[in-house]
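2 protein chains.
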Amino acid sequence: MIDKNQLPEITGKRTVAKSALFNIEQIDLTFSNGEKRQYERMLGSGRGAVLIVPMINKNTMVLVREYCAGTHSYQLGFPKGLIDPGEQAENAANRELKEEIFFGADKLSYVAELMMAPAFFNAKMTVFLAEGLYECKLEGDEPEPLEIVEWPIADYKGLLQQNDFTEARSIAALMLVIDKFRGNHE
Amino acid sequence: MIDKNQLPEITGKRTVAKSALFNIEQIDLTFSNGEKRQYERMLGSGRGAVLIVPMINKNTMVLVREYCAGTHSYQLGFPKGLIDPGEQAENAANRELKEEIFFGADKLSYVAELMMAPAFFNAKMTVFLAEGLYECKLEGDEPEPLEIVEWPIADYKGLLQQNDFTEARSIAALMLVIDKFRGNHE
Numbered sequence: 125m126i127d128k129n130q131l132p133e134i135t136g137k138r139t140v141a142k143s144a145l146f147n148i149e150q151i152d153l154t155f156s157n158g159e160k161r162q163y164e165r166m167l168g169s170g171r172g173a174v175l176i177v178p179m180i181n182k183n184t185m186v187l188v189r190e191y192c193a194g195t196h197s198y199q200l201g202f203p204k205g206l207i208d209p210g211e212q213a214e215n216a217a218n219r220e221l222k223e224e225i226f227f228g229a230d231k232l233s234y235v236a237e238l239m240m241a242p243a244f245f246n247a248k249m250t251v252f253l254a255e256g257l258y259e260c261k262l263e264g265d266e267p268e269p270l271e272i273v274e275w276p277i278a279d280y281k282g283l284l285q286q287n288d289f290t291e292a293r294s295i296a297a298l299m300l301v302i303d304k305f306r307g308n309h310e
Numbered sequence: 125m126i127d128k129n130q131l132p133e134i135t136g137k138r139t140v141a142k143s144a145l146f147n148i149e150q151i152d153l154t155f156s157n158g159e160k161r162q163y164e165r166m167l168g169s170g171r172g173a174v175l176i177v178p179m180i181n182k183n184t185m186v187l188v189r190e191y192c193a194g195t196h197s198y199q200l201g202f203p204k205g206l207i208d209p210g211e212q213a214e215n216a217a218n219r220e221l222k223e224e225i226f227f228g229a230d231k232l233s234y235v236a237e238l239m240m241a242p243a244f245f246n247a248k249m250t251v252f253l254a255e256g257l258y259e260c261k262l263e264g265d266e267p268e269p270l271e272i273v274e275w276p277i278a279d280y281k282g283l284l285q286q287n288d289f290t291e292a293r294s295i296a297a298l299m300l301v302i303d304k305f306r307g308n309h310e
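Residue numbers (our numbering), protein chains in the order written: chain P, 125 to 310; chain Z, 125 to 310.
One or more hints might be untrue.
Because identical chains share one entry, a pair is satisfied inside a single copy or across any pair of copies.
[Claimed, not checked] Think about it this way: if two alpha-carbon atoms lie no more than 27 Å apart in a straight line, the pair counts; the simulated DSSO-like pairs of lysine-lysine are:
1) K160 - K261
2) K261 - K142
3) K182 - K142
4) K222 - K160
5) K222 - K304
6) K248 - K142
7) K304 - K137
Since the hints were made in silico from the structure, they are not lab data.
Here the structure is a predicted model, which is why all the values come from computation and not from measurement.
Work out the full structure: start from the sequences and follow the hints.
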């Protein structure tokens, strides 16, 4: 059994690569059993991000399809974005909804906090369920308009079968919201 | 509506930062509407990864708690790892089980493919459900033994409330397996 208070000690750290967006740090670690390792990790903005499952009515979710450079393909997922400095997560969620699907939300409910690959990143995303949508458009900084896609929540299995709906955080959010609705109806 | 065949054109690319693990590429893009942007993306190994939800019996899952450098904390999640060059995903899944929880699996069922942040990465993970476990230990390259944690699947909501169980891919895998079991019993 690991003593979880016995974190490895970081005995050295240095930036080994840096670009406009990414900062890669190498750290020297000594584990509590004396084992030594060098690991790399990515330093983030620390700003956090939000992802929103918007319900345009009680049966229908709204998703967006947008260009993803990592895969050089269009991918389907829920609206999301970084929290601006000083911004509350709820305000970021409402701003992203207005920029990406041209709706604000009267009601945002907390669903979960998701981390992305904590072995390498410190990237936290707060997931909200958005209800009570009203039309409201903000200009974003997208190079082209996102494709807005409505999907009946009853057909979530059909959504899971789309070969461009594969992002882990969107799938986690979908399944947590499905579970939440199931719980409400049981 | 976006013509999905009309991917932006990559008119230039260059490595802007590189470390032992990471290779960051800057690309020049021209979108179909003429808009130009420079994006950064991370080039991966292209090897793919596996994540396994192991059932030690029909009611109990097995997880591991391990040190994550990105967050400098111990995190709870399902066994996972990279696919070795030339290795089949199923074989990688069985190898990771033997290295991390000291069990092999007679039965591996495909659950899903998950991508991590496709805006920046091209990192694909195949999720398996593992049943029919038998004791079998392989040596891994971990600096310290992983803590092995059994969790009753009926208490998945308790697992979701653990503040060290937050990794998006583990949560997606858990909820997809819950949904699969629900479907089998409906």
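How the hints compare with the structure:
Proximity of K160 and K261 under a CA criterion of 27 Å is satisfied inter-copy only: 23 Å between copies versus 53 Å inside one chain copy. Taking the shortest Cα distances, K261 and K142 never come within 27 Å of each other, neither inside one copy (36 Å) nor across copies (40 Å). For the homomeric pair K182 and K142, neither the shortest alpha-carbon distance inside one copy (45 Å) nor that between copies (47 Å) is at most 27 Å. Within a single copy, K222 and K160 get their C-alpha atoms only as close as 49 Å, which misses the 27 Å cut-off; across copies the closest is 24 Å, which meets it.
When the C-alpha separation of K222 and K304 is checked against a cutoff of 27 Å, the pair qualifies only within one copy, where the shortest distance is 24 Å, while the shortest distance between copies is 35 Å. For the homomeric pair K248 and K142, the shortest alpha-carbon distances inside one copy (21 Å) and between copies (24 Å) are both at most 27 Å. Taking identical chains as interchangeable, the C-alpha atoms of K304 and K137 are never at most 27 Å apart, the minima being 42 Å within one chain and 44 Å between chains.
Violated hints for the displayed structure, listed by number in ascending order: 2, 3 and 7.
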